[in-house]
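Take the sequences, apply the hints, and build the full model.
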Amino acid sequence: MSEHITTKVLIIGGGPGGYVAGIRAGQLGLDTVLVEAARLGGTCLNIGCIPSKAMIHVAGEFEAMAHAAKTPLNGISLAAAPQIDFAKTVAWKDGVVRRLNTGVAALLKRAKVRVVEGWAQFSDAKTCTVKTKDDEVTITAEHVILANGSQPIELPFLKFGGKVISSTEALSLPVLPKRLAVVGAGYIGLELGIAFRKLGCEVTVVEALDRILPLYDAQLVAPVAKWLEKNGVTLHLGAKAKGLGETGLAAELKDGSVVDIAADNILVTVGRKPATEGWGLENMAIDMEGRFVKVDDQCRTSMKNVWAVGDLVGEPMLEHKAAKQGEMVAEIIAGHKRRFDPVTVPAVCFTEPEIVSAGMSPHEAGEDVVTAIFPFMANGRALSMDAGDAGGFVRILARKSDHRVLGIQAVGAHVSELSNEFSLALEMGAVLEDVAGTIHVHPTLGEAFHEAALRALGHAIHI
Amino acid sequence: MGRFVFKLPDVGEGTAEAEIVAWHVKVGDMIHEDQNMVDVMTDKATVEMTSPVTGKVLALHGEPGQMAPVGSPLVELEVEGAGNAKADAAPAVPKPAPAKPAATPKAEAPPKKEAPPPSAPPAPVAARPALRPEGEKPLASPAVRQRAHDRGIELQFVPGTGPAGRITQEDLDSFIASDGRNARSTGGTAYAQREGVEEIKVIGLRRRIAESMQNAKRRIPHFAYVEEIDMTELEDLRLHLNATKRAEQPKLNVLPFLMRALVKTLPQYPQINARFDDEAGVVHRHAAVHIGIATQTANGLIVPVVKHAEARDIWDSALEVSRVAAAARDNKAGKDDLSGSTITITSLGALGGVATTPVINYPEVAIIGPNAIIERPVVRAGQIVVRKMMNLSSSFDHRVVDGYDAAAFIQKIKALLEHPATLFMD
Ligand SMILES: Cc1cc2nc3c(=O)[nH]c(=O)nc-3n(C[C@H](O)[C@H](O)[C@H](O)COP(=O)(O)OP(=O)(O)OC[C@H]3O[C@@H](n4cnc5c(N)ncnc54)[C@H](O)[C@@H]3O)c2cc1C
Numbered sequence: 001m002s003e004h005i006t007t008k009v010l011i012i013g014g015g016p017g018g019y020v021a022g023i024r025a026g027q028l029g030l031d032t033v034l035v036e037a038a039r040l041g042g043t044c045l046n047i048g049c050i051p052s053k054a055m056i057h058v059a060g061e062f063e064a065m066a067h068a069a070k071t072p073l074n075g076i077s078l079a080a081a082p083q084i085d086f087a088k089t090v091a092w093k094d095g096v097v098r099r100l101n102t103g104v105a106a107l108l109k110r111a112k113v114r115v116v117e118g119w120a121q122f123s124d125a126k127t128c129t130v131k132t133k134d135d136e137v138t139i140t141a142e143h144v145i146l147a148n149g150s151q152p153i154e155l156p157f158l159k160f161g162g163k164v165i166s167s168t169e170a171l172s173l174p175v176l177p178k179r180l181a182v183v184g185a186g187y188i189g190l191e192l193g194i195a196f197r198k199l200g201c202e203v204t205v206v207e208a209l210d211r212i213l214p215l216y217d218a219q220l221v222a223p224v225a226k227w228l229e230k231n232g233v234t235l236h237l238g239a240k241a242k243g244l245g246e247t248g249l250a251a252e253l254k255d256g257s258v259v260d261i262a263a264d265n266i267l268v269t270v271g272r273k274p275a276t277e278g279w280g281l282e283n284m285a286i287d288m289e290g291r292f293v294k295v296d297d298q299c300r301t302s303m304k305n306v307w308a309v310g311d312l313v314g315e316p317m318l319e320h321k322a323a324k325q326g327e328m329v330a331e332i333i334a335g336h337k338r339r340f341d342p343v344t345v346p347a348v349c350f351t352e353p354e355i356v357s358a359g360m361s362p363h364e365a366g367e368d369v370v371t372a373i374f375p376f377m378a379n380g381r382a383l384s385m386d387a388g389d390a391g392g393f394v395r396i397l398a399r400k401s402d403h404r405v406l407g408i409q410a411v412g413a414h415v416s417e418l419s420n421e422f423s424l425a426l427e428m429g430a431v432l433e434d435v436a437g438t439i440h441v442h443p444t445l446g447e448a449f450h451e452a453a454l455r456a457l458g459h460a461i462h463i
Numbered sequence: 001m002g003r004f005v006f007k008l009p010d011v012g013e014g015t016a017e018a019e020i021v022a023w024h025v026k027v028g029d030m031i032h033e034d035q036n037m038v039d040v041m042t043d044k045a046t047v048e049m050t051s052p053v054t055g056k057v058l059a060l061h062g063e064p065g066q067m068a069p070v071g072s073p074l075v076e077l078e079v080e081g082a083g084n085a086k087a088d089a090a091p092a093v094p095k096p097a098p099a100k101p102a103a104t105p106k107a108e109a110p111p112k113k114e115a116p117p118p119s120a121p122p123a124p125v126a127a128r129p130a131l132r133p134e135g136e137k138p139l140a141s142p143a144v145r146q147r148a149h150d151r152g153i154e155l156q157f158v159p160g161t162g163p164a165g166r167i168t169q170e171d172l173d174s175f176i177a178s179d180g181r182n183a184r185s186t187g188g189t190a191y192a193q194r195e196g197v198e199e200i201k202v203i204g205l206r207r208r209i210a211e212s213m214q215n216a217k218r219r220i221p222h223f224a225y226v227e228e229i230d231m232t233e234l235e236d237l238r239l240h241l242n243a244t245k246r247a248e249q250p251k252l253n254v255l256p257f258l259m260r261a262l263v264k265t266l267p268q269y270p271q272i273n274a275r276f277d278d279e280a281g282v283v284h285r286h287a288a289v290h291i292g293i294a295t296q297t298a299n300g301l302i303v304p305v306v307k308h309a310e311a312r313d314i315w316d317s318a319l320e321v322s323r324v325a326a327a328a329r330d331n332k333a334g335k336d337d338l339s340g341s342t343i344t345i346t347s348l349g350a351l352g353g354v355a356t357t358p359v360i361n362y363p364e365v366a367i368i369g370p371n372a373i374i375e376r377p378v379v380r381a382g383q384i385v386v387r388k389m390m391n392l393s394s395s396f397d398h399r400v401v402d403g404y405d406a407a408a409f410i411q412k413i414k415a416l417l418e419h420p421a422t423l424f425m426d
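Chains C and L supply the protein sequences, listed in that same order.
First residue of the first sequence? That's 1 in the working numbering, and the numbers climb one at a time after it.
First residue of the second sequence? That's 1 in the working numbering, and the numbers climb one at a time after it.
No lab work stands behind these hints: they were computed from the structure.
Any given hint could be a false lead.
Interface residues of chain L toward chain C, partial, derived using beta-carbon atoms under 7 Å [stated by the list, open to error]: (1) L139; (2) S141; (3) H149; (4) D150; (5) P159; (6) P163; (7) A164; (8) R166.
Nothing here was measured: the structure is a model prediction, and the numbers come from that model.
Note that beta-carbon positions come from the ideal geometry of N, C-alpha and C, so glycine has one too.
This is how it looks when you write it as structure tokens:
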């Protein structure tokens, strides 16, 4: 027997864009239904941000112990090399994910959002059918929020399957590969590549461009490149993956030679694409912008009362952008006046060391700026965490004429935690004097931000 | 050095108090003899109080809108010589001087609520551009952006006083308070919702108008009557008279003719040319026709009076109307010019409008209000002809004037105006 639901708000996708929209809509008293085919939390929670960070954490601990087993680390030594039961690691990671899944489900329930499990297929812009486990549900809504998210891009000559894996599989491998080839040196490839390296894998990275992490400038990326080199990650820049080789990945190197990179797994991380296929988008009469669903600054699509958020609507494909948009759309539907106009969507890269970028890069900021860098080498907290020598720093860019802070970047251990301070400063419209005038706690990494501002003003204290 | 106390003099016959309308000096000012210190308002006239001495203002007593009894000290001055008060005497009235002496010359100038001054920028920052460079996003915190968005304000047009031109909450406040007037003129529009309420004390003439209107409406059960009058012939006559008048004769508008019609008709309706002392329960029917002429002045509505209209011909009526109206407008009308009317004419005709419901000038019992003369088609003997038509609105005190009599009265006036020759026949 098929059920028919009529609701005020229908949300497709239980990722950060969709579930945040759902919770907020529920809080605002809107009758809301959310459809999710896989698991609540979406990419981020199940196969993205959270599991990858869990892996990165474990990898870091393992690396430190392995190091201590070889040569005492700051006085710590281990009698024997650490052992890793990768299946247990994966199980622990799954536990973290499960806890968050249940948390999201509980939050949605508390907000009185009805969750329908199954794949939504649209017949027109306001109607979809969902095949659930034992039923078929037709849902008609006044407002539809599309939060279908994104999927990994597949290379035609390296289709996923067998030893060729995407980030999803990489986070749930049954056994730790001995040799891993990574195609694509973007943030996902390097985050995972570095984690696997720390876990003891031999890692080779193949990147078509001449540099790693093309979204960040060379200065920021340098400490990461240094780490890769120091830790024996083989990096082939300007090289093309060709397909499967005899023992692993066939790649054409910069000099034109074709090599076979021995690998147990080939991780392809050449980008993600919006999930626009297989659910009837073509029946909804919605305009596209390239591969993405076209939206305005309120996340309205070209169809009245159909909204789209998150990875589906464009770069940056990041959790916090998706969530903010989801929250906003719910509020607009509830009659509030909102628009998406952040000064910055900060981006963090959980490599070794970590990279943060908020606001303009030096390239975007142009000529009339003052730039100042404060190295973690001169930061007490960094040194006390043994993180002073990784080449990390905080960089601040401000307009010469009025000292308005235009961009803030950092690279170094744990700098992801500074990202929020950076965005706050940018959103509030800080000038250098504001940052300089804010007392920063000692000893913290954040002091480097303070000192960078002082330095831009010409009077750094600790350098 | 001595102290001179200036007391409110007796400003008019029988006046016991006057309202302080505006101060022209403040504590600490050096003022000279004959300098205007304060405007006070008596029954209906505003009077300038000038200083009889030269000296320095020590204290002012009373604020605009307050009533000051005759003989009460208004201004205390420090003067050369002995002055008129003991040097060490305490100020005559213990009240402190008004906090904000209004330096506004106009009686009606309201105490303006001022927009809060933009807060001083905290840190000294390099040159701050007044205008936002082309294409640059305005700088403001998320809370300010959201608030602006809520109100439909484009921050692009809001000047920022914060560091680096940051738009503060205060900037937004003052932008809203100024109705967006401190917007940049270039590029696009900046429609903003308007907020804020300006408080205007109803004082001076406005208060008098307010009180008398309320008094009239509260006490008098008005009834209104509107009739249309064919003014074509009267207009012909009027134009002819204006074309052929002697140089010293005034130009005629409709008013003197209407006055003529009133004085010819009123003897038959003595209950209409009257003042009703409703507390005593006595109607005073007047033989003389003193016609109040409701006059708009810069300060508000004033009703100067043409006395003994019954004894004036059309030219004299016109002259007297313009004299009393000018006196009222120039604030020069004496008490005599402003009191004693037995019936009032109020005309908004120049602005157009098909009918009004005029408010009776208490304690009179009738008021008439001619409306605009409009050329329009009317039917005369089965033919459509163009005539100059005017509506005549009127209100009566229903306690002492019956509807039937009022209508009959207006019909008589109509007959006279439609046959202008009869205005001048006995
Ligand atoms: C390995 C990895 C690491 C990442 N790390 C970070 C990070 O550190 N920080 C960060 O900010 N971002 C990170 N991201 C990106 C982040 O996960 C995404 O930007 C975010 O999840 C986007 O949210 P979303 O709601 O738009 O879509 P998604 O999270 O992709 O959610 C979409 C959901 O919709 C469901 N769905 C789609 N179509 C249908 C349908 N027709 N019917 C029913 N259900 C449907 C899907 O099953 C999915 O659950 C990472 C991504 C990956 C892959």
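Checked hints:
1. L139: holds, 4 Å
2. S141: holds, 5 Å
3. H149: L/H149 check passes; min Cβ-Cβ to chain C is 6 Å, inside 7 Å.
4. D150: holds, 5 Å
5. P159: violated, 14 Å
6. P163: For L/P163, the interface hint holds, since the closest Cβ of chain C sits about 4 Å away, which is under 7 Å.
7. A164: holds, 4 Å
8. R166: holds, 4 Å
Of the numbered hints given earlier, the model fails hint 5 alone.
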